[in-house]
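Trainee: The sequence shown begins at 324 in the numbering used here and counts up one residue at a time.
Quick caveat, the hints were computed from the structure, so don't treat them as lab data. The model shown is predicted, which means the values in this text are computed figures rather than measured ones. Treat the hints with caution; some may be incorrect.
To be verified - EDC-like mimics (lysine to aspartate or glutamate), calculated; alpha carbons at most 16 angstroms apart, straight line: (1) Lys508 / Glu441; (2) Lys508 / Glu550; (3) Lys453 / Asp434; (4) Lys475 / Glu528; (5) Lys481 / Asp448; (6) Lys417 / Glu332; (7) Lys443 / Asp425; (8) Lys547 / Glu459.
Unchecked claim - Restraint-style ranges between C-beta atoms, simulated for each label pair: (9) Arg360 / Arg573: 44 to 50 angstroms; (10) Asn391 / Lys443: 30 to 36 angstroms; (11) Ala331 / Arg356: 19 to 25 angstroms; (12) Thr468 / Gly373: 29 to 35 angstroms; (13) Thr557 / Pro398: 16 to 22 angstroms; (14) Pro390 / Arg463: 27 to 33 angstroms; (15) Arg360 / Ala331: 17 to 23 angstroms; (16) Lys505 / Arg463: 20 to 26 angstroms; (17) Met477 / Leu394: 18 to 24 angstroms.
Beta carbons: idealized from backbone N, C-alpha and C, even for Gly.
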Amino acid sequence: MQALETVAERITVVMPVFNEGDTIRSTLLEASRKIPRIYDNIVFAVSEDGSTDNTKDALVSMASEMPNLQLHLGPRRKGYPGAAKDAILGVDGKTDYILFMDSDGQYDPTDFGLLWREIKKSDVDMVVGKRMNRVETPLRVFLSTGLRILEKIMFRTKQRDITSAFRLMRVGPAQSIAREVKYSKYNFWLEFTAIASLCGYRMQEVPVVYRAREGTSRVYSGSKILEAAVQELTTIFRVWRDYSLREIRRETGCQATATLRSQ
């Protein structure tokens, strides 16, 4: 099947990876098969985050099979927020768009077509894949709903899925936002979305398939989920505080400048 489009603009598919040795090969093969059917100027940038299983060996093997695969092996674990941030900032200057997707196989690469058509139609800075048919525990649903409502109130965020890791973004805005992410220890995208909203970046949302996780599920205890929720709540307030302080300084500076000019 021929690619839907053949143009000069480059899209880099960014995928952070940690301990996905059992499934990373099938996930990459599926993405490398489906995405170029829609758009053919594609580069895959995989950032491995200090895995302790056979993930590194699997990726090195894949690199010899995929000429458009850029591979970075991490010597030590950064954690998801640090890995996601560095992966976005590590995209080279030849890239026009970043397609970010997690490497656990829960997103269907075919849905890239929905994001691509929307960003070209709406001319926005970012299109977020809103996950459908998510299966989560009542505790996670309760906490994530609370954080979403709070972020909507504080940052006027219009997106319903503020933590989705399936996003098509113009490279300039994506890297500008990522540089500002600094507080989150668990969920990079909660802080990323808040900053994007505060800075006035244009975002759109489209529904996408959200599949069951491939390989071994990572189930967190109730206490761990609560710990993460408290930390993310703190993150939201820190972002809001930083923005408020910047606005105060900006307004104070403008008033001082106006006073000097009037003298």
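Trainee: Evaluate each hint against the coordinates.
Mentor: Against the structure, the hints:
Annotation: proposed proximity of Lys508 to Glu441 is violated, straight-line Cα distance about 31 angstroms (limit 16 angstroms). Between the alpha carbons of Lys508 and Glu550 the distance comes to roughly 11 angstroms, so the proposed pair stays at or under 16 angstroms and holds. The straight-line distance between the Cα atoms of Lys453 and Asp434 is roughly 11 angstroms, inside the 16 angstroms bound, and the hint therefore holds. For a cut-off of 16 angstroms, the pair hint linking Lys475 to Glu528 stands: about 15 angstroms separates their Cα positions.
A distance of roughly 14 angstroms separates the Cα atoms of Lys481 and Asp448; the hinted pair therefore holds under the 16 angstroms criterion. Distance check on the hinted pair: Lys417 and Glu332 sit about 9 angstroms apart at the alpha-carbon level, within 16 angstroms; holds. With a C-alpha separation of about 23 angstroms, the suggested pairing of Lys443 with Asp425 is violated against the 16 angstroms cut-off. Our distance criterion of 16 angstroms between C-alpha atoms is met by Lys547 and Glu459, whose separation comes to about 15 angstroms.
Against the hinted window of 44 to 50 angstroms, the Cβ-Cβ separation of Arg360 and Arg573 comes to about 47 angstroms, which satisfies the hint. For the pair Asn391 and Lys443, the supplied restraint of 30 to 36 angstroms is violated, since their beta-carbon distance comes to about 22 angstroms. Between Ala331 and Arg356 the beta carbon distance is about 23 angstroms. The supplied range of 19 to 25 angstroms therefore holds. For Thr468 paired with Gly373, a C-beta distance near 33 angstroms keeps the hint of 29 to 35 angstroms intact.
Taken as a hint, the range 16 to 22 angstroms is violated for the pair Thr557 and Pro398, whose Cβ atoms sit roughly 29 angstroms apart. Between Pro390 and Arg463 the Cβ separation comes to about 40 angstroms, which falls outside the hinted range of 27 to 33 angstroms. Range check, Arg360 to Ala331: Cβ separation about 19 angstroms, and the 17 to 23 angstroms hint holds. In this structure the supplied range 20 to 26 angstroms holds for Lys505 paired with Arg463, their Cβ-Cβ distance being about 25 angstroms.
The given range of 18 to 24 angstroms is broken by Met477 and Leu394, whose C-beta atoms sit roughly 38 angstroms from each other.
The structure does not agree with the numbered hints 1, 7, 10, 13, 14, 17 stated previously, though it agrees with the rest.
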